[in-house]
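A.B. asks: Here's the letter readout for the chains.
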Amino acid sequence: MTWVNDVIQGIMLGGFYGMLACGLALMFGLMRIINLAHGDIAVLGAYLIYVVLEHWNTSPFLAILPVLPVMLLLGYLLQRLLLERSLRSGLLVPLLTTFGLSIVIQNLLEQGFSPDVRSLGAQAGSIATSSWQITDQLSIPAIGALTLGVAIVIFGALQLFLSRTQPGRQMRATAQDPDTAELVGINSKAVYARATAIAVAIAAIGGMFLAIRSDFYPYSGPTYLIFAFEAVVIGGLGGSLWATLLGGIVLGVAQTIGGQINPEYPVLAGHIVFLLVLLSPRGGLVNLRRVTA
Amino acid sequence: MSLLDLEQLYLRHGLLEAVRDFTLVVAEGETVALVGANGAGKTTLLRAVAGAHRPSAGRIGFDGADVTRVPAYRRVQMGIALVPEGRRLFPALTVEENLLVAAQRRRPGRWNVDTVIEAFPMLERLRGQRAATLSGGEQQAAAIGRALITNPRLLLLDEVSLGLAPLAVEDVYRSLATVIAEGATVIVVEQDLARAAAVADRVVCMLEGRIVLEGAAGELTREQITEAYFGLRRRGEVEA
Chain V
1 MTWVNDVIQG IMLGGFYGML ACGLALMFGL MRIINLAHGD IAVLGAYLIY VVLEHWNTSP
61 FLAILPVLPV MLLLGYLLQR LLLERSLRSG LLVPLLTTFG LSIVIQNLLE QGFSPDVRSL
121 GAQAGSIATS SWQITDQLSI PAIGALTLGV AIVIFGALQL FLSRTQPGRQ MRATAQDPDT
181 AELVGINSKA VYARATAIAV AIAAIGGMFL AIRSDFYPYS GPTYLIFAFE AVVIGGLGGS
241 LWATLLGGIV LGVAQTIGGQ INPEYPVLAG HIVFLLVLLS PRGGLVNLRR VTA
Chain R
294 MSLLDLEQLY LRHGLLEAVR DFTLVVAEGE TVALVGANGA GKTTLLRAVA GAHRPSAGRI
354 GFDGADVTRV PAYRRVQMGI ALVPEGRRLF PALTVEENLL VAAQRRRPGR WNVDTVIEAF
414 PMLERLRGQR AATLSGGEQQ AAAIGRALIT NPRLLLLDEV SLGLAPLAVE DVYRSLATVI
474 AEGATVIVVE QDLARAAAVA DRVVCMLEGR IVLEGAAGEL TREQITEAYF GLRRRGEVEA
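Residue numbers (my numbering), protein chains in the order written: chain V, 1 to 293; chain R, 294 to 533.
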C-alpha cells in the first residue's frame, strides 16, 4: 500500500514539475531556446506574489491574479528586447543570454528581498496542510491534488489554444517552418513574443505552487530548472505538450519511489531515470539530435 | 502600369552572388515565366520579391512603393504571395489549418477557404488531413491555395511542377489558367520550357544571376531559349 501511496504522491508532484516544465517546453519547441532562467522566473513570480500579499491580506491564489498580467508583459519584453536579438546570432547566444539573465534575476532578488528563506504556505491557509485520508497508509494532500488539477487545466488550455485558435495555429506553423510562416503572412517575432509571455506567466503559476509547497529564496531557481528540464527531456524534446506533463509525472514518481527506498535518494532516482531516458535509443537524446541537426 | 519594379537588384548567399544587376518591370496583369538552369538565381529572386531574402543592393518597387526593406509578412498584406519551391506546407497542420493560417492577413477578395477548395476539388476530402500525408499533387494544390487565399495581386510560383506526376501537373496548370485568366499578375519559374511559353506572356531567361534573353512568349523560338538556358551563345562569344 505504501507503494500505491508513493505513486499517487509522485503523480501529484509530477503535476508540479509538469507545470514548471510547460513554459520551458513551449519556448524550446517553438524557438529552440533553452531558457536557463526559467526557474528563476518562477521564483520571481513567487516573490511578486509575496509583494502583493504584503499589501493585501489574502490567499496566494488570489494574489497571483495581478501578478499574471505583469508576468505576461515581462515575458513579452524579455523576448522583444533580449531574446529576439540573441536569436539572430544562432542557438548558442540565447543560451548564454538566459544564463546571464538567471544570474541577474538571482542577484536582483537578493538585493530586493535579502537572502532570507520564505514560504507562502501559511498564507495559503488550510489547503496547504489538509489532506483526505483514504486508508491508513494512503492519504491525498489537498495541495497535491490542486497542483495536479491546475497542471492539467494549464496543459489542456494551452492545447486548446494551440489547436483551436488562430494565434495558436500560427504558433504551430511557426514552430514547424518559421521561414514559410513569414511568407504566408505570419509575423514570427510577434508569435515568439506571445509564446514567451505565456511561458513566463505559466512559470509564475509554477512559482506560486513552489512557494506554497515549500520555501524559496533568491537562489531557488536552478534546482527547479533542473527538474523542469528533466521533465521536458523525459517527455521527449519538441514532442507534444502532454508528453511534457507525462515527463513531469515520470520524474515525480521516480523521486517519491526513490525516497521510499532511501530518504536520501529522491533527487538521485529522478536523475537516474532522466539519464536512462536520455541514453535509451528511442529517448530524448534521439530527439535532441534530430533537433540540432 | 507596372506592378513590380526590380531595379539593379543584387542578391547574395554569403560570398556567392546569386543575382546580379537584375532589372525587370512586370506590368499589372502580365504573366512572366522565368527560365534558367539550376543555380541561375530564379528561386533567390522570387524569395527576394516575397521578402524572404534581403537584397545586398538595388530596389524592389511594388505598386509604386519601395518595399525593399518591408518584411515578408507585410508584403503578404500588400498583395505578394509566393508558392515556395518544394511546396513547404506546414506538415503537422491539416490542409484547412494551412489555409486558415495564411488567411489571417488576407486582403479582401474572392478567395477564402471555401472558394479555394472549390477551385481545387481534390482538397475537399482532405480538409481535415495533416498536410504531411498528402501526395505531391495534393500538396501542390494546397500550397497554391494557401497563396491564393491571401488574394494576392502578384503571385509567385516556384517550380510548381517539380516532382509531380504528369497528370498532377496538368491539374495544377488547369487551375492556374483560371487564376491567370482572371487577371492576376504572375511570375512563374518553370523548368518545362514548352509549358512556360504556353502559360506566359513573356519569357525571361536567366543565366548565372543575369537576364540573358527576354521576349514575348510567342516570338522566342525554342532554340533561342535553349541557347540562352545553357549559355551557349555567350560561350560562343568568349571563344570568338
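A couple of the hints might just be wrong.
A few chain V residues that face chain R, going by a derived Cβ cut-off under 7 angstroms, partial list only [what the hints assert, rightly or not]:
hint, residue
1, 168
2, 169
3, 170
4, 176
5, 177
6, 180
7, 182
8, 184
9, 262
10, 266
11, 267
12, 268
In short, the hints are calculated from the structure, not lab data.
Note that the structure is a prediction, hence the values are computed from the model and not measured.
Glycine included, C-beta positions come from ideal geometry on N, C-alpha and C.
A.B. asks: With reference to the structure, classify each hint as holding or not holding.
C.D. replies: A quick look at each hint next to the structure:
Taking 7 angstroms as the C-beta cut-off, the interface hint given for residue 168/V is violated, the closest approach to chain R being about 10 angstroms. Of the supplied interface hints, the one on residue 169/V holds, with its beta-carbon coming within about 5 angstroms of a beta-carbon of chain R, less than 7 angstroms. For residue 170/V, the interface hint holds, since its Cβ comes within 7 angstroms of a Cβ in chain R; the closest pair sits about 6 angstroms apart. For residue 176/V, the suggested interface contact is upheld, since its CB lies about 5 angstroms from the closest CB of chain R, less than 7 angstroms.
Evaluation of the residue 177/V hint against chain R yields a held restraint, the C-beta minimum of about 6 angstroms falling below 7 angstroms. The interface hint given for residue 180/V holds, since its Cβ lies 4 angstroms from the closest Cβ of chain R, which is under the 7 angstroms cut-off. The beta carbon of residue 182/V comes within 4 angstroms of a beta carbon in chain R, closer than 7 angstroms, and the hint placing it at the interface holds. Annotation: residue 184/V was flagged as interfacial toward chain R, and the flag holds, the nearest CB pair being 4 angstroms apart, inside 7 angstroms.
At a threshold of 7 angstroms, the smallest CB-CB gap from residue 262/V to chain R is about 43 angstroms, leaving the interface hint violated. A cut of 7 angstroms between beta carbons decides the hint on residue 266/V: the least distance to chain R is about 36 angstroms, and the hint is violated. For residue 267/V, the shortest C-beta to C-beta distance to chain R is roughly 35 angstroms, which exceeds 7 angstroms, and the interface hint is violated. With a least beta-carbon distance of about 37 angstroms to chain R, the hint placing residue 268/V at the interface is violated under the 7 angstroms criterion.
When held up to the earlier numbered hints, the structure conflicts with 1, 9, 10, 11 and 12 and fits the remainder.
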